[in-house]
Amino acid sequence: MAVAVSPLGSFGVVLECRSDSKFVLGLKPFMTEVSSGVRVGQAGSPAVRLTRTPHRPRSAGFPYDTTMDAAIPSAPSNAPAPRAAQQSLVVSSLAKILPPSSILYRGEDTAPYECDALTAYRQLPLVVVIPESEAQVAAVLAACHALNVPVVARGAGTGLSGGALPHAMGVSLSLAKFNSIVKVDPVARTAVVQCGVRNLAISEAAAPYGLYYAPDPSSQIACTIGGNVAENSGGVHCLKYGLTLHNVLRVRGFTAQGEAVEFGSEAPDSAGLDLLPLVVGSEGMLAVIMEVTVRLLPRPALARCIMASFATVESAGAAVAAVIAAGIIPAGLELMDKRMTAAAEDYVHAGYDLDAAAILLCESDGTPAEVDEEIERAIDVLNANGATRIEISRDERQRLQFWSGRKNAFPASGRMSPDYMCMDSTIPRKRLAEMLRTIGEMEGKYALRCVNVFHAGDGNLHPLILFDANDPDEMRRCELFGADILETSIRLGGTVTGEHGVGVEKLNSMCVQFSPAERAQMMAVKSAFDPAGLLNPGKVIPSLQRCAEYGKMHVHRGVLKFPDLPRF
Amino acid sequence: MNVGAALQRLRDRVLVARDSKTALEIRGGCTKRFYGNVPRGEPLDVCELAGITSYEPTELVVTVLAGTKLQELESELAERGQCLPFEPPHFGAAGTVGGMVAAGLAGPARACVGPLRDFVLGVTMLNGMGERLTFGGQVMKNVAGYDVSRLIAGSMGILGVICEVSLKVMPIFPACRTFYVEMDETAALKQLNRWAGESFPMNASAWHRGQLYLRLAGAKASVGRALEGRALEGTGARELEPQAAAAWWSDIRDHRHEFFSLSDAQLERGECSWRLAVPDSAPPLALPGEQFIEWGGGQRWWRSAAPALQIRSAAERAGGHATLVRAADKRPGVFTALKAASMNIHRRLKQSFDPAGIFNPGRLYPEL
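From first to last, the protein sequence lines are chains A and B. If you're matching positions, the first sequence starts at 4 in the numbering used here and goes up one per residue. If you're matching positions, the second sequence starts at 17 in the numbering used here and goes up one per residue.
Hints should not be assumed to be uniformly reliable.
Listed below are the simulated DSS-like cross-link pairs for lysine-lysine, each with C-alpha atoms no more than 27 Å apart in a straight line [said to hold, decoys possible]:
1. B/236 with A/243
2. B/184 with A/433
3. A/186 with B/206
4. A/186 with B/355
5. A/243 with B/184
Don't read these hints as lab results, they were simulated from the structure.
Taking the hints into account, I'd like the entire structure generated from these sequences.
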């Protein structure tokens, strides 16, 4: 595997992993069975590491390499510091702020933090800190700023794009101890929670008041609200209820220098520029979020789900567009192709139609009268668009059964193949059928299987490419397959990531989606918040050098965005 | 119209202004010049950039050039049964889409459907270096890079020239009804908070002089039976005829309601129009003057001659902020002052988008 070291921005150098060594391992090795039968990936926790498949080659990921670390200067003005010297300098500085039990730096202690749920990329951090108070977090940030040391904030480590991948010469800031629900206010319909509170715990705390927190990423029993804010997480219900941004009112935290700062407001808006949408989805690069005020919604009195079968994926895609065109915004509108349906059925026995080329799950929620009205309208549209079989959930048990296969799509795929790579692009709804056809052709081109599960209502695709990470050529083909899907998505008028974030995984694709001037402007936005470039450096916005290298590799495929192409 | 040529002319103007450090006042229909600090600079007119670039109802997305008249866009959407659900104010027939996004204002439905920025999916703009930049896109879910397009929403034109925007649109609700009932302020605020926490198809609210107005919108079934078993039943609540209701809400949206009109004489006497944005559960604010409450209690307009400091501290105590909307003298500052850490970020953002400081200088804050 080739790993290159190249200059980047204000921080001297960072590691760059060449695209041909990039791939994603499936969650399968990290599944832990819980009593309810739901399987959850919990990469990054020590218990989970024990379940790691022993044959996994270390070289498959992003290995720790002392020679590369040593090449990184601690500060532009200093001579390159050997890692050990830098580590002892940072540890001694942090020891003035934190008790010894909150500072980890020996390899065996920091190893659990070497990756998030994108396990292909691994990097031991220089130091891990686990502060308990906001004052400690502010002091850690100020100390790191004074030493010019990068800081990577970390929640539950469930991210799928490597956003929490440690920096070789940086401090990983674990916010796990900030897990208190500060306040649930049923009159204002808000909850104030610390960053380390789990997504589902918010809805659980709000339930006694008939309220809930709407965004529901599939990792919601493990992922934290701080991580949701960093990634602007979605879920199956965001077609109707929006992403994290639409459900967060205010965040409070610290700048890279450790200065207290607040974005948004519990009022409808705040004075000045609206910085909240920049901070939400900034993948930990603009500020460290300590506390979040979320909007709570009244729990709908009723939800019912339609399961519709289609003879072709094209007709299923057309039905999705027709539902929206009819003025219906379902609470969820999901598509699974035949292979995915079979895998999910085999895994959870949801009663799916195994003869259908694709099935749609279309959910309606609200008052019983609203649900009846919407279900009736939706069925008319689905029938008019060639549905071959329609079933409506009779009760809550059956509704959850319909969803069980969809919610377990990833672990179900994990049973079909040693590894899989999960893509996350978004395209206009009308191109769904075309995209599915193209992915089918790519299966032949790259000689790999791909199963498809889509948030069809908002055009967000999660094709899962099945491969074996122990076969270097399969790995290489899988990666080309993935890049091909992302670049096809851009060409169809979409984007390379709908809800999982760029992290390190999609840095190359950012070169294709954005022009150099657009990337430079984004880099300048980062500098406005973090002039020294110390918060999670090297993520999200690729360097010019990286894009130049990627462009050389890919220009022959004619998919680069030409800056002189008229876009009006 | 040749969009490329119009864009090139704008770009040339920007580059000349950058080199000569000439302030530019970015203009669309000039319907919102009253809003914000007093505009200054040479006019930079974007009206030439007009037209709907693409509109696909099944995608719920419209892409439109900045100089397009808001009225024209809304009637195009209405023909396909869709709308901009946040009800942007027009303040006149000339109002443009670019101005709507730059001002970031929303109308009566805001509290129930979300702010303008939630409906901005993408922006193409010129920055202060004359570079044409596109952020966001035409799809609902997009987390590639920082969400700069939503930063532009409500930025008062200080970061760049908005050239084109992609907006999320929504179907017009199948049913809509307006009711009004007598209720005092305290009771009305409590009732509005309670409704917001229930599955109740509330879409807009307004309270003025002891009357609470309520607009319900949604599925026919839920709006039709909305009052059954609700707090309004048996209180003497009456329904407004659809035409009268439409006029009532658009008069509020566009500040044609008499509450919002201040005569020159009133302005001269020091009377001002203030907008207070506070958490909707904040108790009644004790201020001198007259009040008009919208957004379930979250937006409280005051006509008052009280000193700016008194108004601003009342807003701050309630957890919000106050904007001086209409006044003879805007020297007390239009927008609430920012804390130092936030202002530092604002300054550096302005510097990064517009290093020569040419776009709408001072319109948001004197130092930007």
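Status of the hints after comparison with the structure:
For the hint pairing residue 236 of chain B with residue 243 of chain A, the CA-to-CA distance comes to about 18 Å; that is within 27 Å, so the pair holds. Taking the CA atoms of residue 184 of chain B and residue 433 of chain A, the gap is about 15 Å. The hint holds against a cut of 27 Å. For a cut-off of 27 Å, the pair hint linking residue 186 of chain A to residue 206 of chain B stands: about 20 Å separates their Cα positions. Our distance criterion of 27 Å between C-alpha atoms is met by residue 186 of chain A and residue 355 of chain B, whose separation comes to about 25 Å.
Between residue 243 of chain A and residue 184 of chain B the CA atoms are separated by roughly 12 Å; this keeps the pair inside 27 Å, and the hint holds.
Every hint, counting from the list given before, is met by this structure.
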